[in-house]
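S.K.: Chain by chain, the residues:
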Amino acid sequence: MNRSKIQAIVLAAGTSSRFKSETPKLLFTLCGQEMILYPLKMLQQLDIPVTLVVGHKKELLKRIIEQHAFSSLTYSEQKHQLGTGDAVASTASSWHAEHILVLNGDAPLVQSSMVEELIKEHMKSNVAVSFTMTHNNDPISSAGYGRVVIRDEQTSIVEARHFTGDFAVDCFVNAGIYLFRREFLKRFISSLAKHPGSQEIYLTDLIEIASKQKLGVATVNAPFDQVRGVNTLKELWAAEQIKRAEIIDACMQQGVRFGSVQSTHIDCDVTIGAGTSIGAGVQLFAGTRIGKGCTIGAYSCIKNSTLGDHVTIQPHVVMSDATIGDLSAIGPFAHIHGNTTIGNESVIGNFVEVTKSSIAHRTRIKHLSYIGNAHIGSDVNIGAGTVTCNYNGVTKNTTIIEDRAFIGSNNSLIAPVTIEQHAMTGAGSVITETVPSHALAIARAQQVNKEGYARRLRDSITVVAAVKSKTQ
Amino acid sequence: MNRSKIQAIVLAAGTSSRFKSETPKLLFTLCGQEMILYPLKMLQQLDIPVTLVVGHKKELLKRIIEQHAFSSLTYSEQKHQLGTGDAVASTASSWHAEHILVLNGDAPLVQSSMVEELIKEHMKSNVAVSFTMTHNNDPISSAGYGRVVIRDEQTSIVEARHFTGDFAVDCFVNAGIYLFRREFLKRFISSLAKHPGSQEIYLTDLIEIASKQKLGVATVNAPFDQVRGVNTLKELWAAEQIKRAEIIDACMQQGVRFGSVQSTHIDCDVTIGAGTSIGAGVQLFAGTRIGKGCTIGAYSCIKNSTLGDHVTIQPHVVMSDATIGDLSAIGPFAHIHGNTTIGNESVIGNFVEVTKSSIAHRTRIKHLSYIGNAHIGSDVNIGAGTVTCNYNGVTKNTTIIEDRAFIGSNNSLIAPVTIEQHAMTGAGSVITETVPSHALAIARAQQVNKEGYARRLRDSITVVAAVKSKTQ
Amino acid sequence: MNRSKIQAIVLAAGTSSRFKSETPKLLFTLCGQEMILYPLKMLQQLDIPVTLVVGHKKELLKRIIEQHAFSSLTYSEQKHQLGTGDAVASTASSWHAEHILVLNGDAPLVQSSMVEELIKEHMKSNVAVSFTMTHNNDPISSAGYGRVVIRDEQTSIVEARHFTGDFAVDCFVNAGIYLFRREFLKRFISSLAKHPGSQEIYLTDLIEIASKQKLGVATVNAPFDQVRGVNTLKELWAAEQIKRAEIIDACMQQGVRFGSVQSTHIDCDVTIGAGTSIGAGVQLFAGTRIGKGCTIGAYSCIKNSTLGDHVTIQPHVVMSDATIGDLSAIGPFAHIHGNTTIGNESVIGNFVEVTKSSIAHRTRIKHLSYIGNAHIGSDVNIGAGTVTCNYNGVTKNTTIIEDRAFIGSNNSLIAPVTIEQHAMTGAGSVITETVPSHALAIARAQQVNKEGYARRLRDSITVVAAVKSKTQ
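Chains as they are written, first to last, in my numbering: chain A, 73 to 544; chain B, 73 to 544; chain C, 73 to 544.
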């Protein structure tokens with residue numbers, strides 16, 4: 073088909089009061105991507121130029137859209153909320169292609185194949201207007217969708233609020249995707265009148281006009297789940313469920329195993345290598361890339377991070393903005409964030425936070441440590457309870473730990489400070505100065521055992537407590 | 073309708089052997105509230121006085137019920153388990169109203185609107201008895217429910233164990249909600265006979281009597297999901313799922329966004345402000361109130377706590393009996409409990425426990441700390457690895473940290489102790505005495521670097537290990 | 073029935089390319105047990121000897137199977153992938169019983185009762201071949217299953233790829249479970265020809281032969297969910313869901329309460345006592361035994377561990393290879409692993425790791441500690457921030473803490489070291505030598521308060537920071 077004959081109008085001007093939110097509903101994310109981006113990316117993929125009708129909070133919308141490179145997108149403003157007919161009419165000056173595709177901005181599940189099918193049918197039937205409809209005779213989920221009414225070879229769409237028929241008879245609803253011949257649109261759109269009840273102009277009235285004038289109306293069918301609109305937070309949840317299932321299905325086909333599909337979340341741009349296993353409840357958010365043969369433990373949440381191959385993430389890891397090398401192991405209960413880079417075969421254990429740091433290969437930080445603003449070399453071992461004291465109340469300072477250093481337990485490393493290659497520090501040390509290569513640094517008081525003192529201390533505490541509780 | 077003409081009898085005497093539990097099944101919670109409280113609260117809301125028929129473990133039941141203020145609730149004891157007919161008969165001395173409503177204690181999903189509809193129909197039809205029935209021709213889920221059999225204008229209820237007909241024909245089941253004219257009940261209840269097989273007296277036999285005597289039987293329909301009884305732990309799960317869905321649905325309508333509805337739990341008395349976002353797997357238990365515009369991270373579990381507006385709870389936070397001020401941020405991996413209060417704009421970070429403490433505004437405890445029995449002022453910064461040593465083996469003591477104090481990393485604060493305003497402590501300090509305002513407290517050994525010692529230490533350890541492994 | 077007349081052939085030679093994995097699909101676990109073990113254990117339970125047809129990666133398969141004691145299992149190798157007919161033919165030399173049962177290795181949900189029913193029907197009907205079929209007219213989930221076509225009293229199975237009929241008419245699919253009279257199999261299996269398209273020999277062609285020759289074909293019906301084959305990771309997920317639901321259902325019947333059935337995972341050999349409550353998202357893996365009256369908090373993951381009665385596991389606990397005594401309490405955010413044993417009434421609190429250690433009764437390790445290679449007695453109290461320094465860079469060493477010892481906060485215990493009965497250590501101590509019974513060990517520098525120093529320090533840091541930011 074010749075797509076250059078087609079241009080699209082996407083309707084994104086409406087308020088979204090049923091979301092009860094300051095944020096316009098089209099900026100709510102669905103699997104990590106703002107809703108409005110779904111139709112725009114789909115149309116870009118089809119190489120169809122877009123006129124986006126904006127109105128309500130248009131600046132917020134534009135700000136997000138402009139973070140993406142849409143090659144042929146123009147805006148048109150609808151001044152007043154006078155319905156879909158008015159919205160399309162307001163774009164008349166931009167009409168240049170032979171056929172005008174109209175879509176709703178709030179239908180993020182519409183797929184390019186569906187639009188292609190509509191175009192194909194439209195071209196083949198050579199009609200004034202084509203539209204997509206879907207079968208749904210469930211009165212609850214189809215509430216809000218216009219009804220397709222076909223009588224005596226006449227087709228019309230009756231808006232939900234005006235429909236008084238029987239769902240079991242008129243069981244097709246309007247999917248909100250239309251393709252008009254431009255000449256038809258030009259000639260008739262100005263003839264549309266406001267409906268008395270709603271004071272709105274309905275684009276859908278054009279179907280009846282085309283039908284009555286015998287100018288031709290074609291329809292194609294699509295599954296309801298692919299054309300769902302999103303007008304409430306509940307509908308957003310339903311749509312996100314469907315998108316998520318599509319994403320996970322695609323992963324399974326690529327050789328990814330899931331412990332519990334129903335509790336797993338994956339954003340739409342996440343990639344996962346074959347042979348990787350995803351535990352129950354794992355949340356993989358936008359910008360995450362996971363290699364082959366990895367294991368992601370239950371309930372781990374990973375955002376905007378890159379994992380190499382054969383990485384093991386134990387359960388209950390929280391990670392964002394991190395890069396992890398091949399064969400490294402993280403967790404359980406680890407928190408890696410702040411543009412941290414970890415090399416190959418390193419181990420970050422439980423109750424360890426690493427932020428704004430780089431760690432090279434085969435280094436082990438296995439327990440209860442805080443590593444911030446640090447550069448750590450290869451083959452380093454950091455004892456349990458170690459803290460990089462990177463903050464003095466005003467500025468953040470850097471800790472450098474070179475290759476093969478060994479940091480004892482419960483150390484406080486007062487940044488800026490350097491522990492050179494092969495150096496060691498004793499347990500419980502507060503390190504304030506450079507530890508030279510191969511040196512052992514100790515900062516510790518000598519142990520003194522006071523014989524019998526524990527008994528006396530216990531006795532005296534007990535007496536004090538007894539007196540206290542009596543006097544209270 | 074005139075509700076003063078109605079009194080209710082709630083049946084709660086039965087054993088619950090299929091729960092295999094010491095606890096009576098009616099005290100199992102469903103979305104955080106004991107099952108028996110559902111019908112009692114619903115009837116109180118309708119202003120209908122209740123006679124509760126108790127028997128099995130009645131003292132346990134009463135103890136829970138009496139923690140709530142039911143204005144017109146009386147108890148009646150059923151001595152022996154002789155069936156629903158006997159249970160209702162045993163309450164005869166308490167009958168005073170014109171109409172007697174009878175409900176099961178184990179139907180927590182029954183809504184007041186359903187009872188109102190039954191009352192309305194009963195009054196309108198002017199019959200001897202009305203009851204609620206529900207359509208269900210699934211032989212599995214309707215097992216256990218009496219069948220409504222209508223033949224030749226005669227209505228009767230056949231208990232499940234005696235029903236031998238076809239589910240596809242007699243596809244209505246008895247919901248266990250009846251409204252009797254008192255005079256009818258009085259006249260006929262004593263005529264009910266024990267069934268030979270079960271040796272029980274069935275209240276439901278009264279339907280057939282009323283029908284045969286042409287005294288009038290009215291019915292109303294209700295969805296099966298709202299009348300489900302709970303006789304097994306599996307049925308409890310099913311009922312809890314339905315209640316949970318209702319609660320979450322109501323939240324979504326109020327502007328709350330959910331990442332994963334199917335893995336989220338919310339108890340029935342929890343409130344959540346508009347614009348709040350709830351991550352996957354969040355568990356919100358009884359007594360929790362969450363403000364507007366908050367973010368609750370995945371897998372956080374919150375119980376009996378109050379959160380202000382715009383609070384950020386990172387993933388994996390466990391909280392109970394806490395109050396958090398506006399704009400504060402908690403987690404990930406934090407544990408806040410023990411009647412702790414945290415002010416506005418404060419930050420509690422990862423691997424931090426706070427219990428039995430108060431923390432004021434803009435204070436930061438970001439890593440790996442234990443804060444117990446402490447009073448902490450505003451604008452305080454507490455370094456990683458800090459411990460309030462509040463327990464000496466016998467008593468708990470208090471730590472006071474005043475405004476703008478700065479506690480270095482890996483500190484041990486031996487309570488009772490006070491760190492005054494603007495004071496600082498050096499990393500790795502053990503603080504045993506008051507640190508005066510603006511003072512710096514240090515308790516630390518000097519760092520000594522032993523040159524080349526690390527190499528020798530490694531060599532000697534390696535030699536020892538080698539010898540050891542040889543001799544083993 | 074006389075089972076000694078029956079032997080089984082299990083088909084396990086196929087490649088599993090759609091899994092996109094190096095591991096053969098039959099070694100993927102389903103609820104913690106490798107798929108191939110399901111039919112083998114089921115047949116062993118029925119006392120039916122098995123010939124396992126192997127081929128693709130047969131050594132890997134054998135290695136796993138041989139870890140289990142199957143009393144009458146022999147292997148037969150299929151050299152080339154020439155279809156099910158060839159696979160069965162290749163076992164001819166092993167045929168000794170009167171009837172030959174043939175099953176697929178990748179149908180882990182087949183239950184012994186279903187096989188027993190097939191045998192019963194086969195014996196009763198005295199036919200050449202019997203097979204199990206299942207109703208499924210959903211074109212998506214039945215794709216891949218052979219269609220049972222019955223026309224003019226003739227039965228045949230048409231492989232999915234050759235089926236051109238209407239699913240709504242031929243709505244029974246082949247479950248892949250056959251019982252052949254040996255004589256019939258012997259006579260006709262060599263007459264099967266390769267199908268032109270696939271170049272494979274189909275065992276299912278024998279059904280048509282038996283039917284046409286009027287030698288008798290019997291069928292039994294089974295639910296689709298019990299005969300599902302597993303050819304993709306998605307089908308594995310579906311099968312695991314069903315198995316998991318069966319396991320949880322059985323637990324509920326035994327008196328176990330679940331907070332959220334749909335997010336809980338339980339492996340097939342886990343046992344749970346009555347009165348135990350399982351929180352949302354709990355993962356219980358192979359080898360785990362939980363006693364009566366326990367509480368397992370949300371999102372805890374437990375593997376190969378034994379819990380006594382009335383144990384409390386708080387939310388977010390990770391445990392493997394551990395034994396926990398009655399009435400002990402663990403978590404939240406605890407990590408217990410490495411063959412650790414914990415006695416009765418002990419408490420392991422938040423941010424605590426215990427590995428390769430034994431802990432006796434009533435001991436408390438409540439916050440932020442690392443306990444490795446330690447033996448800890450009864451009634452011990454270990455302060456927050458305590459670390460057993462068990463690793464010196466080369467070897468692991470043991471810490472011994474005897475009954476009623478009290479370890480202060482932020483201690484570093486340098487192993488090997490012993491803290492004797494009733495001994496105490498001061499907060500912040502580095503303990504390198506034995507602490508005798510009833511002694512108090514202290515290793516700590518004296519606190520020095522430098523008056524006004526904090527103010528000067530802040531000022532100087534601020535000046536430095538200001539200069540730095542200017543010069544940058």
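Please note that the accuracy of each hint is not assured.
Since the list can't tell identical chains apart, any single copy or any two copies may satisfy a pair.
[Said to hold, decoys possible] With a straight-line cut-off of 27 Å between C-alpha atoms, the simulated DSS-like cross-links for lysine-lysine are:
1) K196 <-> K542
2) K364 <-> K196
3) K468 <-> K542
4) K151 <-> K196
5) K522 <-> K286
6) K364 <-> K306
Please keep in mind that the hints were generated in silico from the structure rather than gathered at the bench.
S.K.: For K364 and K196, with the copy left unspecified, which applies at a CA distance of at most 27 Å: within, between, both, or neither?
M.R.: neither (46 Å within a copy, 53 Å between copies)
S.K.: Is it within a copy, between copies, both, or neither that the alpha carbon of K196 lies no farther than 27 Å from that of K542?
M.R.: neither (96 Å within a copy, 70 Å between copies)
S.K.: For K151 and K196, with the copy left unspecified, which applies at a CA distance of at most 27 Å: within, between, both, or neither?
M.R.: Close neither inside one copy (36 Å) nor across copies (54 Å); limit 27 Å.
S.K.: Since the copies are identical, ignore which copy is meant and state whether K364 and K306 lie within 27 Å (CA to CA) inside a copy, between copies, both or neither.
M.R.: between (35 Å within a copy, 18 Å between copies)
S.K.: Checking an output row: K468 and K542, CA cutoff 27 Å. Within, between, both or neither?
M.R.: between (50 Å within a copy, 16 Å between copies)
S.K.: Can you give me the call for K522 and K286, within, between, both or neither, at a CA distance of at most 27 Å?
M.R.: neither (105 Å within a copy, 95 Å between copies)
When the structure is compared with the earlier hints, violations turn up for hints 1, 2, 4 and 5 and for no others.
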